[in-house]
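As a plain string of letters, each chain reads:
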Amino acid sequence: MKNKTNVKNVCHEKVFNDLFITFSKDLHDFLYYKYGEANNPQDIVQIAFEKLWKNCKNVIPEKVKSFIYTVANNEMLNSISRKKTVLNYTLQKPKDYTAETPEFLLEEKEYHDRLKKALEELSEEQRVTFLLNRVDGKKHQEIADMLGISRKAVEKRIYTALKILREKVELGEL
Amino acid sequence: MTNENKIKRWLADELSDSEREQFESTDEFKEIDRLMGAVKSFKAPEYNIEIELGKLTEQVVNTKKISLYNKLNPVWRIAAIFILVFIIGYFTYDNFSGFQGNQGWIAQSGEVYLPDSSSVILNAKSKVRFSDKKWQKERNIELNGEAFFRVKKGSTFNVKTPQGTVTVLGTEFGVKDWDNYYEVICYEGSVRVISDKNTVVLQPGSAYRVINGIDKNFTVSNKTEPDWIRGESSFKSVPLNFVIKELERQYEVQVKSTNIDLNQLFTGSFTNNNLEIALESITIPVNLKYEISKNKTVIRLEEN
Chain A
1 MKNKTNVKNV CHEKVFNDLF ITFSKDLHDF LYYKYGEANN PQDIVQIAFE
51 KLWKNCKNVI PEKVKSFIYT VANNEMLNSI SRKKTVLNYT LQKPKDYTAE
101 TPEFLLEEKE YHDRLKKALE ELSEEQRVTF LLNRVDGKKH QEIADMLGIS
151 RKAVEKRIYT ALKILREKVE LGEL
Chain B
1001 MTNENKIKRW LADELSDSER EQFESTDEFK EIDRLMGAVK SFKAPEYNIE
1051 IELGKLTEQV VNTKKISLYN KLNPVWRIAA IFILVFIIGY FTYDNFSGFQ
1101 GNQGWIAQSG EVYLPDSSSV ILNAKSKVRF SDKKWQKERN IELNGEAFFR
1151 VKKGSTFNVK TPQGTVTVLG TEFGVKDWDN YYEVICYEGS VRVISDKNTV
1201 VLQPGSAYRV INGIDKNFTV SNKTEPDWIR GESSFKSVPL NFVIKELERQ
1251 YEVQVKSTNI DLNQLFTGSF TNNNLEIALE SITIPVNLKY EISKNKTVIR
1301 LEEN
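Quick note, the sequences are listed as chains A and B, same order. 1 is the number of the first residue of the first sequence in the numbering used here; add one for each residue after it. 1001 is the number of the first residue of the second sequence in the numbering used here; add one for each residue after it.
Worth double-checking, as some hints may not be accurate.
Unchecked claim - Only pairs whose alpha carbons sit at most 16 Å apart, straight line, appear in this in silico EDC-like list of lysine to aspartate or glutamate:
1. 1153/B with 1050/B
2. 1006/B with 125/A
3. 152/A with 1014/B
4. 14/A with 1058/B
5. 1040/B with 136/A
6. 1030/B with 75/A
7. 51/A with 1058/B
8. 25/A with 1050/B
9. 1030/B with 167/A
10. 163/A with 1033/B
11. 1040/B with 145/A
12. 163/A with 125/A
Hints were generated in silico from the structure; no laboratory data involved.
Only chain B is shown next, with the shape it has when bound in the complex:
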């Protein structure tokens, strides 16, 4: 058997046991084996069939809706719009669950249970809104602020905030959306984030953040839920002004600062349960001093 044939048959797993043993003890084989081992590191990236199917289904459903509309002749299209507007108008004045009183926003502390027993925990000053009725078909929830989600497996679950949309099938993750600060952290499962800047898919322990228009991926280690659930606000390389804004929300205070570099990066945390200790945690690492007003509502910060 020529060498070429031997190799071909080895590649096809067609050598007898003794032929194979003999071939695999040669020097030539050592070289081939090293190559085959190294080649394995060129494996294609993971393809998550569930998530991709979710994306496809969404896309296809949208196209279906649009094409149905296009099939109508023009007169009927106008009529369709009016009928749609009328129905929307009618229902918003009706007992449309989730959209009464406060226009349906829920801002309670503690765990908010969604119709399928997925749950959401809201951070300070945050609120969510969703439709009870539509929950079976599509789980869409609007968020203002920051929340931690525990999503049961089921239909696509979308969290919409001003700066992006997070899509998951069943998992645990946190979303934070404040002015110029957008952050999604995946604790379990996997999530897809669509923001103005980018679309990314996050695995457990990874996070995506957009601050002042600049986006980056980073990792969070060994966490199953965000620190704020246990009363601690923590930050990793975050510009100081966002840290201060979180303090304002947690303690319902207003912070006034003079001559401070608000862009300097802060890594650390502060407690949500004691204003003075929290202020120490923020000011000491960056060499600032603070002063609390008499009525405890205004904090002055300046350089030490």
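Bound-form chain A, shown alone:
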């Protein structure tokens, strides 16, 4: 049997499924942090991979990541309603509920609300980079690879995001 080159075929079901397993969650989290929940990041991930399947003949495995990120971003931008980014949070209940005073709990809630607003007001790039690093635990280099930017750029974005968040959260309403 003629031995084809080692290049895997994206049109192969197993190869395609493995690519989905490898990339889907990161893409989903990326879309969520960048655009918020109102724009259905789950659906966009589905659409991106459907398009990959349709074009499987034309995309080699090495190019898959940039393909799905490009498609996903375009789909988002084409989304009919460009709603304001809305992130959700579940306020973690303090461990020993009864030990906290109502004043403390109120202050905590207000702190979280300021933080939520501040996160939503960051630029998309700053927010995505910052949250992927601090919440998802992705290393600087990993994020650089994901977004196709330099490691230095990642460091700068995270630092700037932190600076802005601190200003807005500590000083309260500006």
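Given chain A's structure and the hints, the job is docking chain B onto it.
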């Protein structure tokens, strides 16, 4: 080192142990640490790769089927339809397992085992239908009424009822579909429910219900299987008329009521094994009285 550099290097995990210790004891760090802690509560929602892959596979397979059809030129498309119709016609008159006699519906009590040893338990007056032959490729089962499913991990498992479709990969859940009442409860694993109103994904302990066109999510606590499997019908904030309909099914009776508010919400349960006790359980909390006909087939309900 400037402050900015120090923070940047701390962010990149590049400080030496002593530098880090020193930085982390400052007041400034306390403030940053609080912020970093609070930020964690903005984590993206859980992304279930298995379920999403299942959804994608279904979608992609459908598109594949359609595009194959479109590639045929018009004459062949017509021929394709006729051939398909002929094959369907041929097989329904043949030994197509699961579609003989009673048109393939199974309505037995006790556990019904499916070809992959997943199982389904049917409640009163309920029935299921599925194809033995096709089970390997796709596990599709039709349900009329209410059933509790134990699904072994494998290909996508779909439960289709008039008001919706439930999709799972391997888990335990209950589906209830009667007139104007659609309910799915997840006991283990996770299920996706597609109904006319909405698409939701349920985790263990959560449930989704559509009553008279209004949908809501709610929780059920600490249950591994529905109560009716152990002979008890229970309800949480359900309009009374649905409770009565369940009684009718369980006991094969007909209930006639006069001047009763059938929309009032009922929370409670009744036994499936003793009609009188069951009637007490329903009537006492809502201040009604009942009368059983001589031949035990008709119940009259009215205000106390």
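When you check the alpha-carbon spacing of residue 1030/B and residue 167/A, does it fall within 16 Å?
-> holds (15 Å)
Holds or violated: are the alpha carbons of residue 1006/B and residue 125/A at most 16 Å from each other?
-> violated (23 Å)
For the pair we were handed, residue 1040/B and residue 136/A, check the Cα-Cα distance against 16 Å.
-> holds (9 Å)
Pair hint outcome, residue 1153/B versus residue 1050/B [Cα-Cα no greater than 16 Å] = Given that 16 Å is the threshold and the Cα spacing comes to 11 Å, the pair holds.
For the pair supplied as a hint, residue 152/A and residue 1014/B, is the alpha-carbon distance within the 16 Å limit?
-> Holds, at roughly 14 Å.
Within 16 Å, alpha carbon to alpha carbon, are residue 51/A and residue 1058/B?
-> holds (14 Å)
Could you grab the alpha-carbon distance between residue 25/A and residue 1050/B and see if it respects the 16 Å cut-off?
-> holds (11 Å)
Restraint check for residue 14/A with residue 1058/B, where alpha carbons must lie at most 16 Å apart | holds (15 Å)
Restraint status (C-alpha distance of residue 1040/B to residue 145/A at most 16 Å) | violated (23 Å)
Would the pair residue 1030/B and residue 75/A pass a check requiring their Cα atoms to be no farther apart than 16 Å?
-> violated (41 Å)
Could you grab the alpha-carbon distance between residue 163/A and residue 1033/B and see if it respects the 16 Å cut-off?
-> It holds: about 13 Å lies between the C-alpha atoms, which stays within 16 Å.
Is residue 163/A close enough to residue 125/A, meaning Cα to Cα at most 16 Å?
-> Since the Cα atoms of residue 163/A and residue 125/A sit roughly 15 Å apart, the hinted pair holds (cutoff 16 Å).
In summary, the numbered hints that this structure violates are 2, 6 and 11.
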